[in-house]
Amino acid sequence: MKEVVSIDSHEMICFLPMCLSILLSSIITFGLVLFLTAGPVVWWTVKMMLEFVWNVGIPYLMIIVILWIITWIQTKRFMKQVHTYYSE
Numbered sequence: 001m002k003e004v005v006s007i008d009s010h011e012m013i014c015f016l017p018m019c020l021s022i023l024l025s026s027i028i029t030f031g032l033v034l035f036l037t038a039g040p041v042v043w044w045t046v047k048m049m050l051e052f053v054w055n056v057g058i059p060y061l062m063i064i065v066i067l068w069i070i071t072w073i074q075t076k077r078f079m080k081q082v083h084t085y086y087s088e
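Residues in the sequence shown are numbered from 1 upward in steps of one, following the numbering used here.
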């Protein structure tokens, strides 16, 4: 008899370090680019970097979130298949 397995949301925590490391590296990269291009802070450079974050960073984060959700769903399906296989 096959058992029905419910997979808790704690499995999503497995992917949080990956997302956080990508986010942290993006913030560090943005900070370095801002530091190297602005030098002494120039307002038009800050404005340009904020426009860059808005135009590139938001879609970049959306892509990361979408990939994270797809990966979580696929992992959930895989875990169900593994459990079903070994419970037979």
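Mixed in with the good hints there might be a few duds.
Claimed, not checked - The calculated label-pair distances, taken between Cβ atoms and stated as ranges, are:
{"no.": "1", "residue 1": "Gly31", "residue 2": "Tyr85", "range": "44 to 54 Å"}
{"no.": "2", "residue 1": "Met18", "residue 2": "Asn55", "range": "37 to 47 Å"}
{"no.": "3", "residue 1": "Thr45", "residue 2": "Ser87", "range": "43 to 53 Å"}
{"no.": "4", "residue 1": "Tyr86", "residue 2": "Thr37", "range": "47 to 57 Å"}
{"no.": "5", "residue 1": "Ile66", "residue 2": "Pro17", "range": "13 to 23 Å"}
{"no.": "6", "residue 1": "Trp54", "residue 2": "Gln81", "range": "37 to 47 Å"}
These are computed hints drawn from the structure, not numbers from a lab.
Glycine included, C-beta positions come from ideal geometry on N, C-alpha and C.
Mind listing which of the numbered hints don't hold for this structure, in increasing order?
Structure breaks hints 2, 3.
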